[in-house]
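Undergrad: Next come the chains, spelled out residue by residue.
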Amino acid sequence: MSIRARFKLAWPGFTLDADLDLPGRGVTAVFGRSGCGKTTLLRCIAGLERGAGRLDVHGEHWQDENTFLPTHRRPLGYVFQDARLFAHLSVRGNLDYGMRRAAGAVPQGDVASHKSSHGAPVIELLGLEPLLDRLPDRLSGGEQQRVAIARALLTAPRLLLMDEPLASLDHARKQEILPYLERLRDELDIPMIYVSHAADEVARLADHLVVMEGGRAVAQGPLAETLARLDLPIRLGEDAGAVFAATVIERNAEWHLARVEFDGGELWVRDSGAAMGRRVRVRILARDVSIANSRHDDTSIMNLLPATVMAHAAEDHPSAILVQLRIGGTALLARVTRRSAQRLDLAPGREVWVQIKAVALIG
Amino acid sequence: MPSLPNFAADLGAIWLTLKLATVTTALLLLIGTPIAWWLARTRSWWKGPVGAVVALPIVLPPTVIGFYLLLVMGPEGAVGRFTEWAGIGLLPFTFWGLVVASVFYSMPFVVQPIQNAFEAIGDRPLEAAATLRASPLDAFFSVALPLAKPGFITASILGFAHTVGEFGVVLMIGGNIPDKTRVVSVLIYDHVEALEYAQAHWLAGGMVAFSFLVLLALYTLNPSGRKGTASR
Chain H
1 MSIRARFKLA WPGFTLDADL DLPGRGVTAV FGRSGCGKTT LLRCIAGLER
51 GAGRLDVHGE HWQDENTFLP THRRPLGYVF QDARLFAHLS VRGNLDYGMR
101 RAAGAVPQGD VASHKSSHGA PVIELLGLEP LLDRLPDRLS GGEQQRVAIA
151 RALLTAPRLL LMDEPLASLD HARKQEILPY LERLRDELDI PMIYVSHAAD
201 EVARLADHLV VMEGGRAVAQ GPLAETLARL DLPIRLGEDA GAVFAATVIE
251 RNAEWHLARV EFDGGELWVR DSGAAMGRRV RVRILARDVS IANSRHDDTS
301 IMNLLPATVM AHAAEDHPSA ILVQLRIGGT ALLARVTRRS AQRLDLAPGR
351 EVWVQIKAVA LIG
Chain D
1 MPSLPNFAAD LGAIWLTLKL ATVTTALLLL IGTPIAWWLA RTRSWWKGPV
51 GAVVALPIVL PPTVIGFYLL LVMGPEGAVG RFTEWAGIGL LPFTFWGLVV
101 ASVFYSMPFV VQPIQNAFEA IGDRPLEAAA TLRASPLDAF FSVALPLAKP
151 GFITASILGF AHTVGEFGVV LMIGGNIPDK TRVVSVLIYD HVEALEYAQA
201 HWLAGGMVAF SFLVLLALYT LNPSGRKGTA SR
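Chain order of the listed sequences is H and D.
Just so it is clear: in the first sequence, position 166 is 166 by our numbering, and no numbers are missing.
Just so it is clear: in the second sequence, position 210 is 210 by our numbering, and no numbers are missing.
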């Protein structure tokens with residue numbers, strides 16, 4: 001179960017040359033700036049662009065030199081940045097559209113009826129019951145996008161492609177949709193390729209990361225590992241940081257804080273309501289981590305942890321460097337000035353203390 | 001008091017006019033839709049020339065179109081030879097000759113609104129349909145046609161009204177044969193020539209009222225800004 005994609009495509013001023021080997025499960029984020037080719041790559045996978053190359057999905061041949069399965073024969077779901085609902089059909093009609101065609105000639109019940117095998121659960125999952133009889137132009141942007149996601153899911157896709165589904169939404173609408181996407185990831189067993197230029201969405205949703213630049217995949221691998229790579233954070237800029245899993249082990253009512261345990265230590269975080277024992281994702285940005293040679297208790301910073309310097313790399317600005325540290329089995333990134341790095345002598349192998357100013361619990 | 005109008009001749013002309021306009025509009029929707037689809041979506045070099053040919057009747061005097069159609073469909077013309085060979089006979093001065101001429105003459109008024117509607121729809125809804133397992137033909141019927149409905153309404157009304165109103169082409173191709181090729185516009189001309197102003201008034205006034213109602217229907221059914229586009 002995996003996805004092998006190799007595409008070459010040349011347009012005036014743009015070349016896509018991507019070679020990807022993606023896991024057949026979980027969320028793969030394709031991350032990069034606008035114009036890096038991530039949407040074109042997704043369109044090639046869907047067959048909406050015809051790039052030269054090969055595509056195998058779960059051992060099925062979708063494309064090579066001799067074959068090109070047209071889009072409507074590829075068992076995929078596609079969520080466009082603009083929802084692209086059919087304006088002449090109600091929400092119900094939009095949902096029925098793909099479901100009926102994917103079911104083939106077999107007559108199907110109405111999408112909302114319980115006779116249809118998976119219609120009702122998807123409508124419930126995305127909270128669409130109250131919207132079914134409305135026309136698309138009576139929906140908010142967030143609602144339209146939820147309908148578009150459900151419409152794609154109802155074709156029973158073997159691969160779900162999402163092209164920046166949140167990019168055209170404001171912050172509040174994003175927060176409205178993100179929990180639905182997390183439920184999708186956790187409750188459905190459909191591999192997802194999620195194109196985004198927003199590092200926070202990627203950190204929250206992805207299990208696997210592909211970083212694109214100039215039409216090429218410059219890095220790919222499991223999320224935590226890839227994010228902690230020193231040769232990439234330069235491209236992430238302010239968003240450089242580490243993401244790893246942790247477990248809630250204490251909730252302190254007096255201070256409204258929670259204690260989480262990860263492979264290498266414990267952290268205090270703001271209590272977000274996550275239940276005891278719950279697995280959570282923790283994100284620590286490189287700019288929120290500082291380094292000291294000894295333990296300082298006379299500070300407002302709660303999270304002080306011993307760590308080992310692994311490596312460092314140059315940053316965009318010549319005054320700063322990025323330091324990769326290891327705490328137990330977990331990698332962390334810190335951005336410090338070059339001057340401090342020299343003063344503290346942060347050579348690889350050195351034992352230091354890290355002070356973490358902010359920890360975000362995501363998902 | 002003017003004499004009572006000769007209603008029989010008038011009714012015959014009205015019936016013939018409506019029949020001609022209905023047949024022409026129906027044929028134009030069948031022929032014009034594929035042309036409009038092609039013009040809206042092609043990137044071919046031919047788009048310009050074909051679009052220009054379709055639009056020619058807008059700028060040409062009807063007599064010019066009528067003259068050439070008469071030549072082409074006449075006994076020496078290519079189409080005339082074909083129709084004689086096929087056993088249909090010659091088309092000029094017949095009802096079907098008028099239909100052929102009207103199809104050419106009203107073509108731009110049907111093709112252009114449909115083409116504009118298809119262009120406004122663009123690729124996006126069709127790509128969405130393809131990702132939902134719709135073949136291109138399926139997507140055309142289930143997405144493009146319904147979304148282009150306002151364009152089709154405009155096209156039908158304009159094509160019909162324009163055929164009702166044609167005069168020069170009819171005279172060139174069909175002449176003035178009662179119940180065969182004498183349409184309302186030609187009959188009005190006859191009445192005026194014969195100084196039968198009362199009868200001319202009946203028909204001319206009727207045409208004014210008809211045209212007003214058609215345009216009223218067009219602007220009420222199809223308010224601008226509700227062109228067929230997918231919701232974004």
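Note that these hints are calculated values from the structure, not bench results.
Quick caveat, the model's predicted, so the values are computed rather than measured.
Check the hints yourself; a few may be wrong.
[What the hints assert, rightly or not] Incomplete in silico selection of chain D near chain H, CB under 7 Å:
(1) 124
(2) 128
(3) 132
(4) 134
(5) 135
Idealized CB from N, CA, C, for every residue including glycine.
Undergrad: All hints, please: hold or fail.
TA: Taking the hints in turn, this is what the structure says about them:
1. 124: Residue 124 of chain D check passes; min Cβ-Cβ to chain H is 5 Å, inside 7 Å.
2. 128: 4 Å, holds
3. 132: 3 Å, holds
4. 134: 6 Å, holds
5. 135: Holds, because the Cβ-Cβ distance from residue 135 of chain D to chain H comes to roughly 5 Å (cut-off 7 Å).
In this structure, none of the earlier numbered hints is contradicted; all agree with it.
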